[in-house]
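Trainee: Going by the working numbering, 61 is the number at position 61 of the sequence shown; the sequence numbering is gapless.
No wet-lab data here; the hints were simulated from the structure. We put the beta carbon where it would ideally sit given N, CA and C, even for glycine. Hints are supplied without guarantee of correctness; some may be wrong.
DEER-style ranges, computed between Cβ atoms [unchecked claim]:
| no. | residue 1 | residue 2 | range |
| --- | --- | --- | --- |
| 1 | Pro140 | Ala68 | 13 to 23 Å |
| 2 | Glu135 | Ala67 | 12 to 22 Å |
| 3 | Ala20 | Ala63 | 35 to 45 Å |
| 4 | Ala121 | Ala21 | 32 to 42 Å |
| 5 | Ser157 | Ser12 | 15 to 25 Å |
| 6 | Ala116 | Glu64 | 28 to 38 Å |
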Amino acid sequence: MDLEVAAAGERSCYSCAGNAALAGLPPRERVLIGTGWRAAHAIRAALPGWLVLVSRRHVTSPAELTAAEAAELGVLTWRLSRALVEVTGCVKTYVAAFSEADGFEHLHVHVVPRAADLPAADQGPDVFTFLRRSEAEWVPPAEMDDLAIRLAAALDSEH
């Protein structure tokens, strides 16, 4: 998806453009659609299952969330973590938010699967090296879509 001007008049924002086009997004961009959040597979990531929870309105800090959005964020990180364990077999998940990259200042929260065999050099904050890998190492769109479909099914089956 190309960056577009956000519907709310914000300058170009990748997340707002995605939120404005929900129905037309591929599975990888709509793992889960909540009231205040949308879960998507991270783009330009070399780690399968790396998810981001994207605020459905343009905010840049957790301090700008409503109480309802904050509560939903907690529940969704828990639900996505459980789905990642089920689908990827990871032993835990990492949760982090920075929203500092140019064009990605819109609040998004990373929910990252940590496999049992992830090398110690890539654990903890060093997992972010998977966002700095070459394009040849990025998770292909078809694999992201497959994971998204399986994660969505795991989320649906929990009810």
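Trainee: Hint by hint, note whether the structure agrees.
Mentor: Right, here's what the structure says about each hint:
In this structure, proline 140 and alanine 68 break the distance hint of 13 to 23 Å, their C-beta atoms being roughly 36 Å apart. Taken as a hint, the range 12 to 22 Å is violated for the pair glutamate 135 and alanine 67, whose Cβ atoms sit roughly 40 Å apart. Separation of alanine 20 from alanine 63 is about 24 Å and departs from the stated range, judged on CB atoms against 35 to 45 Å. Look at alanine 121 against alanine 21: about 38 Å separates their beta carbons, and that is inside 32 to 42 Å.
A hinted range of 15 to 25 Å is violated for the C-beta pair serine 157 and serine 12, which are about 37 Å apart. At roughly 36 Å, the beta carbons of alanine 116 and glutamate 64 sit within the given window of 28 to 38 Å.
In summary, the numbered hints that this structure violates are 1, 2, 3, 5.
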